[in-house]
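Sequence order for the protein chains is L and X. According to this note's numbering, the first sequence is numbered sequentially starting from 1318. According to this note's numbering, the second sequence is numbered sequentially starting from 9.
These aren't lab readings, by the way, just hints derived from the structure by calculation. Any given hint could be a false lead.
DSBU-like cross-link-like pairs, simulated, lysine-lysine; straight-line CA separation at most 30 Å [said to hold, decoys possible]:
hint : chain 1 : residue 1 : chain 2 : residue 2
1    : L       : Lys1480   : L       : Lys1428
2    : L       : Lys1324   : L       : Lys1481
3    : L       : Lys1481   : X       : Lys224
4    : X       : Lys224    : L       : Lys1473
5    : L       : Lys1519   : X       : Lys236
6    : L       : Lys1324   : X       : Lys212
7    : L       : Lys1389   : L       : Lys1428
8    : L       : Lys1468   : X       : Lys224
9    : L       : Lys1480   : L       : Lys1324
10   : L       : Lys1523   : L       : Lys1548
11   : L       : Lys1439   : X       : Lys61
Chain L stretches covered by chain X per the calculated footprint, using a threshold of three residues with CB under 8 Å from any CB of chain X [unchecked claim]:
hint : segment
12   : 1321-1332
13   : 1335-1343
14   : 1350-1361
15   : 1400-1408
Predicted model only: the values in this text are computed from it and were never measured. Built from N, CA and C at the ideal position, the CB exists for glycine as well.
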Amino acid sequence: MGKILVKDKSIVVPGEVVAEGRDFIVGPGVRREGNQIVASRIGLIHFEGRLVRLIALSGRYIPRKDDVIIGKIKEILVSGWLVDTESAYPAMLNIRDAVSEYVAKGSDLAKYFDINDYVVCKIINVTPQMLVDVTTKGPGLKKLVGGRIIKVNPNKVPRVIGKKGSMLGMIKQATECNIIVGQNGVIWIKSSDPKMELIAVKAIKKVEEESHVPGLTEKIHTFLEKETNKKIKLQVG
Amino acid sequence: MVFKRPDGRAYDEIRPIKAEVGVVGRADGSAMFQIGKTVAYAAVYGPRSLYPKFLQNPKKGLLRCYYTMLPFSSKGERVKPGPSRRSAEIGLVTEKALTPAIDLTRYPNAVIDVFIELPQTDAGTRCAGITAAAMALADAGIVMYDLVSSVAVGYVNGNLIADLIYDEEAYPGEVADIPTAYMPRYDRFSLLQMDGRISSDQLKKALELAKKVCLKIYDVQKKALKRKYQKYKLMEHMEG
């Protein structure tokens, strides 16, 4: 068995040797250099049996297959749309992956998605050259009408959602808002009551800022009860 | 000839250093590095899409560095704001010093922009800039092979000294100034420039000293980076 050189769940910097030995499995964020396992970027190191992986704590969104993101239509092309993903790489939304009906050649695609429209889409493919394909066909994937868009650090998205969606579920329940969180850190909020939308925005920003605070769920629970003036059942999960 | 350093330091002693990560709110990554009276701020934006399109490289990303001194930052004359020959050159050597530490193949067609700003200077600016930029790049979550630590070493009247200040650079004697950047993990230099004349033996000795000093700076860089992220240790991580 190899040797682990840093503590589990400690912060490592790029170039730091985290383990030595041939029998480790290299996960995301680390790489093998000869006998050594080296951190590739800054983050939290995790040892899970033989698997070594690094959880990123900073940096821009990088498109990944099967992520559900919220994108903005940037451009209309001949055979589809170009979607801004809040990363360095725009995504391609093909007509085939967006519309079920027959679309005649040369017809105006703006009637489906116009420029500056926001869409919930799923990444179906990312090539090594970072060409990204998305689809809007599937459950929950659609064009977003009305509401407001906010942006959070994409690394904090798991915290905004919470364990099995607990955090997001609580915010939704308290504010009675429709909320969709994209893995790229773009969040859509819609409610018939703009006041509630603002409370939801505040709550999400709070989660983002205090993502490292223990007992955050209780804190947000108190915050929501105070802001909305109603009792909210705290989900145990 | 014996040379006494104007600020009373030992020959191999560097000025007091200070580093902080995450100083620019809107940037993807940022850092401040101070060595004596020289202060450097670095802000990293990206990876982001690169335009004009002909600059894009489908095999690897591009690193762009900009170096700027504030008008009244130096001891001498006012620095004219805006790009100059000098800042263009230093931007370029900074790029070359940092590129070997970054895995740019991860970012095809994209660009990573590094802005280095010096509000106060007393020699060693390119080194302070590179040191700050390396921290800022790590802070921005860029995939890197190693950090880069940078310092100038040199000879004044035949005495090997580390981390020259302006009064030493401008000493009316025989002066050699060698800015270096060093990647500790690979034991490699990524920047080596020289002003003045020295023998090859002297150069070797100077580089040995540079390594020693850079390791000290590397330690400070590492600590500063870890300090910013320490609080996340408590975070229970959950999968989306």
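Structure-based check of all given hints:
1. L:Lys1480 <-> L:Lys1428: With Cα atoms ~38 Å apart, Lys1480 (chain L) and Lys1428 (chain L) exceed 30 Å; violated.
2. L:Lys1324 <-> L:Lys1481: holds (28 Å)
3. L:Lys1481 <-> X:Lys224: violated (45 Å)
4. X:Lys224 <-> L:Lys1473: Violated, because 33 Å separates the two Cα atoms, which is more than 30 Å.
5. L:Lys1519 <-> X:Lys236: holds (24 Å)
6. L:Lys1324 <-> X:Lys212: Given that 30 Å is the threshold and the Cα spacing comes to 38 Å, the pair is violated.
7. L:Lys1389 <-> L:Lys1428: holds (15 Å)
8. L:Lys1468 <-> X:Lys224: Outside the cut-off at roughly 39 Å; violated.
9. L:Lys1480 <-> L:Lys1324: holds (25 Å)
10. L:Lys1523 <-> L:Lys1548: Given that 30 Å is the threshold and the Cα spacing comes to 20 Å, the pair holds.
11. L:Lys1439 <-> X:Lys61: Given that 30 Å is the threshold and the Cα spacing comes to 27 Å, the pair holds.
12. 1321-1332: holds (count 6)
13. 1335-1343: Coverage by chain X is violated for the segment 1335-1343 of chain L (0 residues, Cβ < 8 Å).
14. 1350-1361: holds (count 6)
15. 1400-1408: Holds, because 4 residues of the segment 1400-1408 of chain L bring their Cβ atoms closer than 8 Å to Cβ atoms of chain X.
Figure legend: structure checked against the earlier numbered hints; hints not met, in rising order: 1, 3, 4, 6, 8, 13.
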